[in-house]
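Start from the sequences and build out the full structure, keeping to the hints where you can.
Line by line, the protein sequences are chains A and B. If you count the first sequence from 1, position 189 lands on 506 in our numbering, and the numbers rise without skipping. If you count the second sequence from 1, position 98 lands on 104 in our numbering, and the numbers rise without skipping.
Calculated from the structure, these hints are not laboratory results. The structure presented is a predicted model; accordingly, all values stated were derived computationally and were not measured. Careful: at least some of the hints might be erroneous.
[Said to hold, decoys possible] Below, computed lysine-lysine pairings styled on DSS-like, alpha-carbon distance capped at 27 Å:
(1) 243/B - 465/A
(2) 449/A - 465/A
(3) 344/A - 490/A
(4) 444/A - 490/A
(5) 257/B - 465/A
(6) 444/A - 410/A
[What the hints assert, rightly or not] Looking from chain B toward chain A, a few residues come up when the C-beta cut is under 8 Å (computed):
(7) 41
(8) 159
(9) 163
(10) 175
[To be verified] With beta-carbon atoms standing in for the labels, derived distance ranges:
(11) 90/B - 404/A: 27 to 35 Å
(12) 125/B - 444/A: 41 to 49 Å
(13) 518/A - 105/B: 57 to 65 Å
(14) 145/B - 500/A: 25 to 33 Å
(15) 431/A - 26/B: 31 to 39 Å
(16) 462/A - 259/B: 17 to 25 Å
(17) 518/A - 248/B: 42 to 50 Å
Cβ coordinates follow ideal geometry from the N, Cα and C atoms, glycine included.
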Amino acid sequence: MTADQGMGTTTMGTTTARPMLSIKNLKKVYQVTGGEIEAVRNLTFDVADGELICIVGPSGAGKTTLLKCIAGLLSPTSGSIELAGTPVSGPPKAMSVVFQEYGRSLFPWMTVQANVELPLKNQGVPKAEREKLVADALAAVELSHVPKSYPWQLSGGMQQRVAIARAVAYRPKVLLMDEPFAAVDAQTRADLEDLIRDIWHKLGVTILFITHDIDESVYLGQRVIMLSNSPTVVQDDLRIDLPDERDQLETRSSKRFAELRTHVYEQIQLAKASKPTGVVATQKAAKR
Amino acid sequence: MSIVKRVAYFVGLPILLVLIWWILTLGPKNFFVPTPGELGQTFFEVWAGPRFVTDFIPSVIRLIIGLIATIVLGIVLGVLIGSFRWLRSLTEPLLEFFRAIPPPVLVPLFLLLIGPTDQMRIAVIVSGAIWPVLLNTVEGVRAVDEVLVNTSRTYRIDGFARLRHLVLPAASPQIMAGVRQSLSIGLILMVISEMFGGSSGLGFTIVLYQRSFAIPEMWSGIIVLGLIGIALSMISKAAEGMVLRWYRGLKEVQRDS
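Structure below.
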C-alpha cells in the first residue's frame with residue numbers, strides 16, 4: 318500500500334526513477350470576503366511515468382482545486398508541483414486536460430475537426446502532420462465519421478469523446494481528467510472507461526483521473542489515491558493489483574475488485590466522518 | 007415556407023395599408039397628404055433624378071462610413087474594456103455619463119467644433135450609435151464561459167489566437183444584437199445631422215421640401231429613409247445568418263432537449 322516507487326532521489330543524470338509528476342506539500346487557500354477557505358491543506362504524492370492513477374474523494378474534497386493547481390490554472394498557496402522535473406507555473410505544454418463539462422469545453426462555433434485541430438494549429442504543427450494527428454485521434458475515439466459536425470449536434474458521450482480526441486491529438490505526456498464521465502449515462506460511461514484504458518495502453522501516456530465514483534476509480538486505476546474531506550490531505554494510497562486486462566463484467570464481479578472497492582469505500586467513509594480541523598479554522602476566520 | 011408565401015407575408019400588410027390610405031384620400035383633398043398615386047409619381051421624379059446623386063448617395067456614404075466606424079470602434083473598445091477589469095473600473099463612470107446624453111444634442115456642439123462637414127455628420131453618427139455595440143461587446147467579452155477560458159488556457163491559446171478563436175466568437179451573439187440596434191440609431195442620426203447646417207443629404211432635402219411646401223416631395227424623402235432602414239435590416243440579418251449559424255443551431259438543440 319505504499320507509494321514509494323518513483324520516489325527516486327533526483328541526483329543529476331539519473332532519469333530512471335524520476336516521477337513524471339511530483340506534488341509536494343501542496344496547499345491552497347482561497348481568499349474570500351470575510352476570511353479564507355483552506356481547500357487543500359497538505360498534499361504530497363508522486364505519479365510515475367506512464368502510470369494511470371485515480372484520485373477519489375468525497376464531494377467538496379478539493380479535487381478540482383488540486384486538478385487546477387496541477388494544470389497550472391491556479392497557483393498554489395505553498396508547496397510545489399513539478400512536471401518531469403520542471404516546476405509548474407502556468408499551463409504546461411506537455412499536459413492536456415479533459416473537463417467534466419464537455420458541453421462547455423468544446424468550441425460550439427467550430428466543427429469537431431476544427432476543435433481537435435485548434436491546439437495543434439496554435440502550436441504551429443505543419444498542416445499535413447496536423448491532419449494525420451486529428452484523423453488518428455478521431456479514429457481512436459471512434460468518431461471518424463463526424464469531422465464536419467458541430468459538437469452540439471452530437472450526444473453527450475460523443476462530445477466527451479471529441480474532448481478526449483482533442484486532448485490525445487495534443488500528444489501530452491500527462492493527461493488530466495476531471496470527473497470526465499460524471500455527466501454521461503451509465504452505459505456510455507462504461508464504454509468511455511474502456512476507451513480510456515485502451516488509449517492509455519496504446520499511447521503510454523500518464524493519466525491522472527479524478528472521480529467521485531469509487532467503483533470507477535478501482536476499475537480504471539493502477540493506483541487509487543483517496544483524499545480526505547476539505548481541507549484536503551492524502552487519506553490513503555492504494556495499489557490496484559487487478560489484472561491489466563479489465564472487463565466491465567468480469568473485473569467488476571471478481572472477488573478482488575470487491576475487496577479493493579470495500580477498502581476504498583471504508584477510507585472514504587472515514588474521511589467523511591473525521592471532522593477536519595480546517596473547517597473550524599475557516600469558520601473562525603469567517604467570524605473575524 | 008415557400009418563396010411565394012414568404013413574399014406574400016412580406017408585402018401583404020404594406021399593400022393593405024396603402025389600400026386604406028388610398029381609400030381615405032378619395033374624399034376631399036388634404037393639401038398635406040398626397041394620394042398614393044401622386045406620391046409614387048413624385049418618388050420616381052425626385053429620386054430617379056439628380057437628387058439621387060446630389061443627396062441620396064452622399065447620405066448613404068455618410069451612413070455607411072459612420073456605421074463601419076461605429077462597429078469597428080465599438081468592438082475594439084468593447085473588447086479592451088471587457089478584457090481588463092482596471093480599464094472597466096476606470097471608464098465606467100465616463101461611459102454612463104456619455105451614454106446618458108441624447109445624441110442629437112451633440113449636433114449643435116459638433117457643428118461649432120468641426121463645422122458643417124461630412125466629418126461632423128459621421129462623428130454624430132458614431133458618437134450616438136456606438137453605445138449598443140460597445141456595451142454589448144463589453145458584456146459579451148465578460149461573459150465568456152469559464153470552462154472555455156480554462157480549456158483555452160490549458161492549450162496555451164493566448165494573444166491574438168485567443169481573441170480570434172475564443173473571445174470574438176463567444177461574444178458574437180451579443181455583438182450582433184448590439185450592431186442591430188446601432189444600425190437604426192445610425193440612420194436616425196444621419197438624418198438629424200443633415201437637418202442642421204447642411205447643404206445636401208436626405209435630412210437636408212426633407213426639411214427643404216417641407217419649408218417650400220413641396221409636400222409630396224417631402225413624403226417621398228421619408229419613404230426613401232424607410233427603404234434604407236429595410237435594406238439595413240436585411241443586410242444585418244444576412245450577416246447574422248453567416249456569423250451566428252452555430253448559435254442558432256445550438257439554441258435549437260437546447261430548446262428541444
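Evaluated hints:
1. As the CA atoms of residue 243/B and residue 465/A are separated by approximately 25 Å, the hinted pair is consistent with the 27 Å bound.
2. Simply put, residue 449/A and residue 465/A have alpha-carbon atoms about 16 Å apart, close enough for the 27 Å limit, and the pair holds.
3. The suggested pairing of residue 344/A with residue 490/A holds, with an alpha-carbon distance near 24 Å, which does not exceed 27 Å.
4. As the CA atoms of residue 444/A and residue 490/A are separated by approximately 22 Å, the hinted pair is consistent with the 27 Å bound.
5. Restraint check for residue 257/B and residue 465/A: the C-alpha separation of about 19 Å stays at or below 27 Å, so the hint holds.
6. Only pairs whose Cα atoms come within 27 Å are accepted, and residue 444/A paired with residue 410/A is accepted, the gap being roughly 19 Å.
7. This hint is violated: residue 41/B has a C-beta 52 Å from the nearest C-beta of chain A, more than the 8 Å allowed.
8. Interface restraint check for residue 159/B: the shortest CB-CB distance to chain A comes to about 5 Å, inside 8 Å, so the restraint holds.
9. Taking 8 Å as the C-beta cut-off, the interface hint given for residue 163/B holds, the closest approach to chain A being about 5 Å.
10. Satisfaction of the interface hint for residue 175/B is found here, the shortest Cβ-Cβ separation to chain A being roughly 4 Å, below the 8 Å cut-off.
11. Here the CB-CB span from residue 90/B to residue 404/A is close to 28 Å, well matched to the stated 27 to 35 Å.
12. Distance hint check: the CB atoms of residue 125/B and residue 444/A are about 46 Å apart, consistent with the given range 41 to 49 Å.
13. Restraint check, residue 518/A to residue 105/B: a C-beta distance of roughly 60 Å satisfies the suggested window 57 to 65 Å.
14. One distance hint, 25 to 33 Å for the beta-carbon pair residue 145/B and residue 500/A, holds here, with the actual separation near 28 Å.
15. Evaluation of the 31 to 39 Å hint for residue 431/A and residue 26/B yields a failure: the beta carbon distance comes to about 53 Å.
16. Take residue 462/A and residue 259/B: their Cβ atoms lie about 19 Å apart, and the range 17 to 25 Å holds.
17. Between residue 518/A and residue 248/B the CB atoms are about 44 Å apart, so this pair conforms to the stated range of 42 to 50 Å.
Checked against the numbered hints above, the structure breaks hints 7, 15 and satisfies the rest.
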